[in-house]
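Student: Those sequence lines, one after another, are chains Y and R.
Residue 12 is where the first sequence starts when you use our numbering, and the numbers rise one by one after that.
Residue -15 is where the second sequence starts when you use our numbering, and the numbers rise one by one after that.
The hints are simulated quantities; they were obtained by calculation from the structure and are not laboratory data.
Treat the hints with care, since some could be wrong.
What the hints assert, rightly or not - Derived DSSO-like pairs: lysine-lysine, alpha-carbon spacing no greater than 27 Å straight-line:
(1) R:Lys48 to R:Lys111
(2) R:Lys48 to Y:Lys187
(3) R:Lys111 to R:Lys157
(4) R:Lys151 to Y:Lys187
(5) Y:Lys102 to R:Lys157
(6) Y:Lys26 to Y:Lys37
(7) Y:Lys58 to Y:Lys74
(8) Y:Lys146 to R:Lys154
(9) Y:Lys58 to R:Lys148
(10) Y:Lys74 to R:Lys89
(11) R:Lys110 to R:Lys48
(12) Y:Lys146 to Y:Lys136
(13) Y:Lys58 to R:Lys154
(14) R:Lys157 to R:Lys110
(15) R:Lys110 to Y:Lys187
(16) R:Lys110 to R:Lys148
As the list claims (entries may be wrong) - Pairwise CB distance ranges, derived in the manner of DEER restraints:
(17) Y:Asp128 to R:Asn4: 45 to 51 Å
(18) Y:Asn143 to R:Glu(-6): 56 to 62 Å
(19) R:Pro93 to Y:Lys119: 28 to 34 Å
(20) R:Lys129 to Y:Ser50: 50 to 56 Å
(21) R:Asp98 to Y:Gly145: 48 to 54 Å
(22) R:Leu94 to Y:Met46: 50 to 56 Å
(23) R:Glu58 to Y:Asn109: 16 to 22 Å
(24) R:Ala20 to Y:Val54: 18 to 24 Å
(25) R:Leu0 to Y:Ile29: 29 to 35 Å
(26) R:Asp98 to Y:Asn109: 41 to 47 Å
(27) R:Met153 to Y:Lys187: 16 to 22 Å
(28) Y:Gln85 to R:Thr146: 32 to 38 Å
(29) R:Ala20 to Y:Arg30: 33 to 39 Å
Glycine included, every Cβ here is placed at the ideal spot set by N, Cα and C.
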Amino acid sequence: MTPEQQAFLAKKKEKAAIRRQKGDEKTELGITSLMDIVSIIVVYLLKSYASDPVVINPTAGQKIPLGTADSPMQDGMPIFITLRGITFENKKLVGMTNEGDIEPNSVKDHLIGPLYDALAEEVDKAKTLAENTGKPWSGRAIIVGDQELKFSALVDVMYTAGRAEFSEYSFCIIRKS
Amino acid sequence: MPRKKLEEEEIVANLLPVLNIMFLLIPALLLAMEFASMASINVSPPKFSNTPSEPKPEEEKKEKPLNLKVFVMEDGYRVSADGQQEGAEAGKATDSKAPTIQLAKAGAPLNDWDRYDYAALEASAKKYKSLFPNETIVTLSAESKIPMQALIFTMDALAGRTCKLGKAMKGEKVPDDCYFWQPVVEGGAG
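All chains should be modelled from the sequences, with the hints used to inform the complete structure.
Tutor: Below, the structure is given as structure tokens:
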């Protein structure tokens, strides 16, 4: 072993001895950098926070139509129509046939019975609430359809909503970028 | 008396409570996050088709209504104004055999969204708008099998694909590149 190597090893041993003598140090976790990351995430999420009066959560497998319109969503009652069925207030009311038509036993003269009952009940509630709060009732139905939904099914839903005293309709679309 | 020397103490802010709140905010905001930006197309039911929503000036009342109607068929669009189908045979009001605007992709399946000639329909809407600048209503109908996406693209073409009504909804003037942006959906019209 050369004298340089011996000196190096001696120095190393000396350092190790000093480190052992020091004992346990109280170490603190540096959370400033973590705080920075979390702050950035929170700001990003706040920016993409949905500010629409109605939050539309499409049902599984539903493909909402695309469009170039940019009118913001207005307050209303969403009716979800997919190729599997019609959902209102998180309840599947009517099913669809394999051909994409509304189950024939649920429709009579364009009126979808179970949907009409559910809509009429909700309209009564909304009207009572509007009277009590002194706010006007908009009577708007938001139709959240599917790209492949047949026009005949769409018209039946619109007719049923009209019979349940809805006077305005909005088609929900995904804005094309 | 000798004054006491002030000793500077290093104050470390306790960030843990703030961090706890931040961590709770993340899942709450993720739940309310808008993954795709939604928009809406306001559609009027047929009963409002002939009733203007706002009172118009005296000179506008004198203008003859256009009554623009577009019928989406499996083989194209049938466009008619004031009861007269565009491109119908001479002496006939309608000619159901021939659509006014043919398909852009003949023979394409119904779920091929490019099968319709949206550019031609938009050009037709622009032409009518130049003749009737105060008209904004179009009556839209379709054959039973027509998918909703084709209907939405048709509405976009009739309104003008560059038409942005977001600001107009807040009270600003409707842009000039918006043609027929108030669709009335009818079942079995045409």
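Student: Run through the hints listed earlier and report the numbers of any the structure violates, in increasing order.
Tutor: 2, 5, 26, 28 and 29
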